[in-house]
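Novice: Please work from the sequences and hints to get the whole structure.
Protein sequence lines correspond, in order, to chains V and P.
Per my numbering, residue 122 is the first one in the first sequence, and the count goes up by one each step.
Per my numbering, residue 122 is the first one in the second sequence, and the count goes up by one each step.
Hint data in this document are derived by calculation from the structure and do not stem from the laboratory.
Treat the hints with care, since some could be wrong.
Note that identical chains are pooled: a pair holds if it fits in a single copy or bridges any two copies.
Below are the DSS-like pairs computed for lysine-lysine, each with C-alpha atoms no more than 27 Å apart in a straight line [as the list claims (entries may be wrong)]:
1. K153 / K266
2. K253 / K214
3. K460 / K214
4. K214 / K153
5. K253 / K213
6. K213 / K460
7. K177 / K214
8. K155 / K214
9. K132 / K460
10. K132 / K214
11. K153 / K213
12. K196 / K132
For reference, the chains in residue letters:
Protein chains: 2
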Amino acid sequence: MTTAISPLAPKSYPPMPPIDGLRIATAAAGIKYKGRTDVMMMIFDDQASVAGLFTKSKCPSAPVDFCRANLAGGKARVLVVNSGNANAFTGKKGAEATALTARTAAEAADCAESDVFLASTGVIGEPLDASKFAGVLSTMAGEAKPDLWLEAAKAIMTTDTYPKVATRGAEIDGVSVTLNGIAKGAGMIAPDMATMLSFIATDAAISAEALQQLLSEGVGASFNAVTVDSDTSTSDTVLAFATGRAPGQDMVTDGSDPRLDDFRAALHALMQDLALQIVRDGEGARKMVTVRVTGAESNRAADVIARSIANSPLVKTAVAGEDANWGRVVMAVGKAGEKADRDRLAIWFGDIRVAVNGERDPDYSEEFASAVMREDEITIRADIGLGEGQATIYTCDLTKEYVAINGDYRS
Amino acid sequence: MTTAISPLAPKSYPPMPPIDGLRIATAAAGIKYKGRTDVMMMIFDDQASVAGLFTKSKCPSAPVDFCRANLAGGKARVLVVNSGNANAFTGKKGAEATALTARTAAEAADCAESDVFLASTGVIGEPLDASKFAGVLSTMAGEAKPDLWLEAAKAIMTTDTYPKVATRGAEIDGVSVTLNGIAKGAGMIAPDMATMLSFIATDAAISAEALQQLLSEGVGASFNAVTVDSDTSTSDTVLAFATGRAPGQDMVTDGSDPRLDDFRAALHALMQDLALQIVRDGEGARKMVTVRVTGAESNRAADVIARSIANSPLVKTAVAGEDANWGRVVMAVGKAGEKADRDRLAIWFGDIRVAVNGERDPDYSEEFASAVMREDEITIRADIGLGEGQATIYTCDLTKEYVAINGDYRS
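Specialist: Here you go:
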């Protein structure tokens, strides 16, 4: 199993400013890994507004069930996340583990269990021994500090090769606010969900309902637009918290309030930043691929076709092999099942049009197309030639390292 | 690119008896490969009944368009198949190539162009130079012999590591008839289609309509129940021919005629034999996997769940790593989108029940489960616990060799 950092990793991490009203701690609770942190706690001084999105899996993890129930209250005092064990498909033991963790966390943060949020990531099907959190969480609560965002991102990693952090600023009604976010995920990443795990916080004063609206609006073009391997996790969770500590900013309770326009743009940019960091750390990834479909019958049809291309093992292995094999893009358009006319189809790799009107471009140059394929970041565009529908999906290549990582992961 | 024969290959080939009324020839036309045959011709002495099924791709190859048009006539005198070039996504040049090939083949076989059937397999998007067939087909017509079935299977291989042949006997109305078939395919193999290429012939006297009915009935449990990589080809074609030469057997024209019961069973067994040979030669395959889903809400739901498991890169890499990682089976059931109740789910690897009632089996033994995973052939069973729906899908593991083969294929 490879442990080298993805060649697509960011060259540096942005300095993460503190968010007033929250503190962070990490610890090594010995859930599975040796010699690294595996639990992260985020404590809110007062009740923060909270919004969330979760996996659409029919077999969700116990923490997902737990968060869904608490989200109705719209308020959070503490978030506890562990890596090394997903507490998924663990039956009654799973619910018992979330209950025990919530009780321990509520005592540590001196809050109600209904203000606790939980997430777990790692192996599926192994019972999670929540008693390991017993002494740990209260110590963490005492030691928590505002400036540990990068440490937080490290503690929740599994097969990730680098921590994922992002920050943005925005103005609401003339008041400057800050948005920070972290994410984890490298495999079992597929669209139509939230993501593996992502946690976003802001000092803005914004109600849970308004925050939920903005979060839901942003997920389509960010976390739901990425796929590493078409495999949707049992544990996908994105949670956003607003502490309301930005000085002099009046609470905004309507997600459509024009005062949130700048904040919305910043939030969505932050979400896309984190989502693309997940793709760039796709298990075994050596290439980042943007799949852009235009000219489809509808946006929905374009989305289906773009996912068909982005999830095709043959397209992804061709990218890994730096092979401008646009025939496989034709195949993926054809198998998508959406309306397509072979003889109107056009395909580009980067700026090089390789196929047009249902056959190879008359000006096709293997040399130019191959040069595009040697880049770290490749855009594949397919124009269906039928309508105005368009969609963009982000993915990575499929390499031998993906197979190696996932053949060895559990053992 | 690996060239070793799949470890799952049959240990020997069955002797292929001649089918009265047809002869076979192969040749090296230099389409793409050096030092091997790449064109196969099957000539019928008289018009044979013909039935066919084709890819559901929205971007079908030119030969698929050509066969669909001629299938309406229900009669065949000659079949020409080439490997090395799929003549797919080749625009007007593709239709011109099929027209020229058909003309050359009709002259060679002394028949109408409407009695010609064509198939091509190989690279997509490269124009096929059909002028290469000019002298070749007439020579082949003169040299064709009844006993070249294994040679025919070899001539149509691309990334296949072994030729795929099968034979069965059956009785119709007390008369013994023979069924032979060949197939090719190792990658770009996915359900909901016919297969890469398969050609079946019999000396039975059976009308085109009846043959079509039997072929269509058989495809669900055979070619449409296999997947190597979830990628549906542009060229999938299965054609069945009946020469009607079985001595003393009256023509059967109704596919539901009880006299066809034994023939139907033999045809369907032959189709499944060939389909499983394709899975066993899946690109890079080291394990053959049978995915069996029971207890789903309906057969359709079971089929969707079984395909979700069989196409999951994480399940397939776990099998490659001999890892009894049933958590990934839970994931694949959950992402399928069909009704599932996490707490009723049970999962088996071989005869070992690893999970029950939504958690790990109380009697789970890593040792026994791992022993199953070391076998060449593995059955994964998931019981959804909701109804009577069931389905079986056949697939293979996902190995580094798959990535190597498909990163290098075109170049």
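Novice: Let me make sure I understand: some of the numbered hints might not hold for this structure. Which ones are they, in numerical order?
Specialist: Going through the list in order, the structure violates hints 9, 10 and 12 and respects the others.
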